Structure formats: C-alpha cells, structure tokens
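Undergrad: What follows is each chain in one-letter form.
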Amino acid sequence: MIGVMVGLCALLLLVSASRPGSEEPRLGASLKLSLADTGELEVSPADPLPVLSDDDLRAGQLESGRVEVRNITDVPLDVGFIVPAEELQTGMLAAAQVRVRIFSDGRALADTTVPGLVRGSGSAPIAAGRSKDFEFQAWIGGSDPGLYAGQAVTALVDFELVRLGSGR
Amino acid sequence: MRRLLLTGLIWALISFGGGLLLLLSVPRVLGGQSMTVLSGSMAPAVETGDEVIVMPLRVEQLIPGEIAVFDDPDGSGRLLNHRVQSMVQEDGMVHVVTIGDANSAPERWTVPAGQKLGRVVARIPQLGYVLGRLNSRYALLFLVVLPALVLGVWLLASIWRSPEQPARLGRER
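So the sequence lines, in the order shown, correspond to chains G and E. Mapping of the first sequence onto our numbering: position 65 corresponds to residue 65, and the numbering continues sequentially without gaps. Mapping of the second sequence onto our numbering: position 21 corresponds to residue 21, and the numbering continues sequentially without gaps.
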C-alpha cells in the first residue's frame with residue numbers, strides 16, 4: 001500500500017512540477033501609419049515610408065512622427081485626415097487599443113482611436129504652394145496586453161480636402 | 001526488511017507506470033489527446049521529446065499566456081503549440097497572435113469563433129522519447145514481457161515460500 005502511494009505521489013509530483021505555467025504576453029503591438037501623395041498634396045515621408053511606425057508599442061509608451069505636407073495646387077486648401085475603413089488592415093477592435101493624436105501649429109486636429117479616424121479629423125489650412133508640418137502621436141489606450149500584444153495595426157491615412165479659394 | 005523494501009519498490013513502480021498510462025488515456029476519453037513535442041520552439045517551458053496532454057476548447061476560451069495547440073497558419077498541416085499573446089474577437093472571427101517562447105517572430109492567424117483548438121494542460125518530461133522507442137519489438141519485450149516475467153517469478157516465489165514459515169515457527173516454539 002505504501003509502495004502504491006509512493007508511486008502515485010512521485011507521478012503527481014513529476015506532473016505538477018513540470019506543468020507549463022501561464023506567462024504574461026511579452027509582445028507589444030506593431031503599428032504603422034502612412035500617408036501617400038495625392039494630385040493636390042505632396043507628403044514627406046510618403047508611403048511606403050511610414051509617418052509613424054513601431055514594432056513593439058506597449059501601454060504607457062508614446063510613439064510620434066512628423067510629416068510635411070505641401071500644397072501643390074494654386075488654391076489654398078483646408079487639410080484634414082481620414083482612415084478609409086477598407087485601408088485599416090487589422091481588426092477594428094485591435095486598432096481600437098491604439099489612440100492617435102494629430103497636431104498642427106500646436107492645435108490638436110484629432111484625439112481618438114485609429115478606428116475613430118474613420119470619421120475624419122479636424123483640419124488645418126495650407127496656402128497654395130506652401131507646406132505645413134503635422135505631428136502624429138500614438139499610444140496604447142488600454143493596459144491589457146491580451147488585447148494588443150503582437151497585433152499588427154496598419155493604416156494608410158488619406159486626406160480630406162476642402163478648397164478654400166479660387167486662386168492665389 | 002529488504003524483502004519489504006523490494007515489494008514496496010515494485011508496487012511503487014507498478015503504480016507509477018499505471019498512473020502514467022491512466023494520465024495518457026483518460027484525456028482521450030474526455031476528447032483530449034497526448035502529443036510528443038518535436039521542436040524546441042517552446043523551450044524551456046516545453047522541451048523537445050516532452051509528452052504534453054492537450055484538452056480541446058473553443059478558441060474564445062483561450063486566455064493570453066496559455067499554450068494553445070493549433071494548425072500552423074502557413075498551411076503546412078503541422079500542429080504548433082505556442083503561447084497566446086492576444087486575442088481579439090469581432091464580427092464572428094477571432095484574431096489571435098501566438099509566439100513560441102524560444103522564437104522571435106509571432107504568428108498572426110484568424111479563425112471563426114467557436115473553432116475547436118487545444119490547450120496544453122500538462123507535460124511529462126521526455127516521455128515522448130520513451131513512447132517513440134516503445135514502437136520497437138525489442139523495447140516491447142524489454143518493457144512489458146520482461147517486467148511481467150519478473151513479477152510472475154516473484155509472485156511464484158512468494159507463494160512457494162509462504163507455507164514454510166508458519167511450520168518453521170511452529171517447530172521453534
């Protein structure tokens with residue numbers, strides 16, 4: 001009887017000691033936002049180069065990037081940003097973990113999530129032939145890595161344009 | 001005393017082996033299975049040659065940090081057992097990111113909600129090597145026939161010896 005107990009205890013000890021435990025996720029989110037040239041605007045950096053990119057974005061970390069937008073038309077333009085839903089190459093809920101701010105001249109044009117940008121941002125005027133810098137900031141909104149670890153959020157941001165005049 | 005120890009040792013070995021067999025067979029009754037790990041991608045948590053017990057569950061029941069067993073997203077038909085990093089469910093689909101503890105590149109895959117996968121619930125170190133060798137004819141002879149013979153001889157010897165002792169004791173009194 002003691003032998004049986006010893007054998008079963010040894011097996012129990014072996015299995016419980018070598019049980020693979022649960023570990024915290026160790027990856028950050030992979031984020032890439034880019035902008036492409038249009039017929040009216042020239043951007044630098046232009047897609048495929050990203051405005052903002054991070055392969056290991058985690059809660060509490062801020063990533064930022066700057067883009068120069070040049071108005072190549074002969075009329076002033078009011079320039080805003082929008083993410084076409086079909087350009088958001090990931091699950092919307094994964095992208096919802098990433099918050100984005102866009103600044104121009106110290107003014108916030110957007111303070112939302114990546115899917116929130118599907119509704120568009122505020123806008124800033126750019127005179128004909130002139131350029132303007134926009135700053136993009138991104139960070140993880142939630143603190144649960146189970147919702148973002150390793151998820152890839154890639155979006156090609158588009159412009160929303162309003163013509164402000166008929167010429168120089 | 002020595003005989004008592006030997007008896008205890010034999011029973012300990014028998015119950016250890018029997019328990020091991022039970023551990024490998026009971027999950028099958030409950031829909032699970034045991035698998036031999038063929039790569040070191042999960043080292044040191046799970047090493048090559050370990051036998052793991054895998055129980056079925058729906059993908060949305062996985063918890064980040066656990067080890068999931070799933071079809072390799074590259075379509076090679078291999079089964080991978082890697083750690084879940086994140087799971088996002090939307091529109092009836094579940095986007096999962098997994099990575100082997102010893103790997104640097106994650107796998108990103110999407111399956112319909114409700115899809116059956118596996119979760120590693122236990123590991124028996126290096127047992128996969130033993131089970132692999134059990135396929136050989138000599139191994140079967142060595143591990144099953146020989147212990148059965150030894151056990152048989154030992155039982156016969158105990159039966160043969162036992163009537164003598166009360167008689168001898170009787171004479172001594």
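If you are wondering where the hints come from, they were derived from the structure by calculation, not from laboratory data. Note that the coordinates shown come from a computational prediction; the quantities given were computed from them, not determined experimentally. Glycine is no exception: its CB is placed at the ideal position from the N, C-alpha and C atoms. Take these hints with a grain of salt, some might be off.
Said to hold, decoys possible - Not the full set, but computed from the structure, chain G residues with beta-carbon under 10 Å of chain E: (1) G7; (2) C9; (3) S16; (4) G21; (5) R26; (6) L27; (7) G65; (8) I82; (9) G141; (10) D144; (11) L147; (12) Y148; (13) E160; (14) V162; (15) L164.
Undergrad: All the hints need checking, so say for each whether the structure fits it.
TA: Hints, verified against the model:
1. G7: The hint holds - G/G7 has a Cβ within 10 Å of chain E, the shortest such distance being about 3 Å.
2. C9: Holds - the Cβ of G/C9 comes within 10 Å of chain E, reaching about 9 Å at its closest.
3. S16: Status holds, d = 8 Å.
4. G21: Holds, about 7 Å.
5. R26: Cβ of G/R26 sits 7 Å from chain E, so the hint holds.
6. L27: Check passed: Cβ of G/L27 comes within 5 Å of chain E, closer than 10 Å.
7. G65: Violated. Min distance 23 Å.
8. I82: Result: violated, 21 Å to nearest chain E Cβ.
9. G141: With a minimum Cβ separation of about 14 Å from chain E (threshold 10 Å), the hint on G/G141 is violated.
10. D144: It holds, given that the least Cβ distance between G/D144 and chain E is near 8 Å, below 10 Å.
11. L147: holds, 6 Å
12. Y148: Constraint on G/Y148 satisfied, holds at 6 Å.
13. E160: With a minimum Cβ separation of about 26 Å from chain E (threshold 10 Å), the hint on G/E160 is violated.
14. V162: Violated: closest Cβ of chain E sits about 33 Å from G/V162, beyond 10 Å.
15. L164: This interface hint is violated because 39 Å lies over the 10 Å limit.
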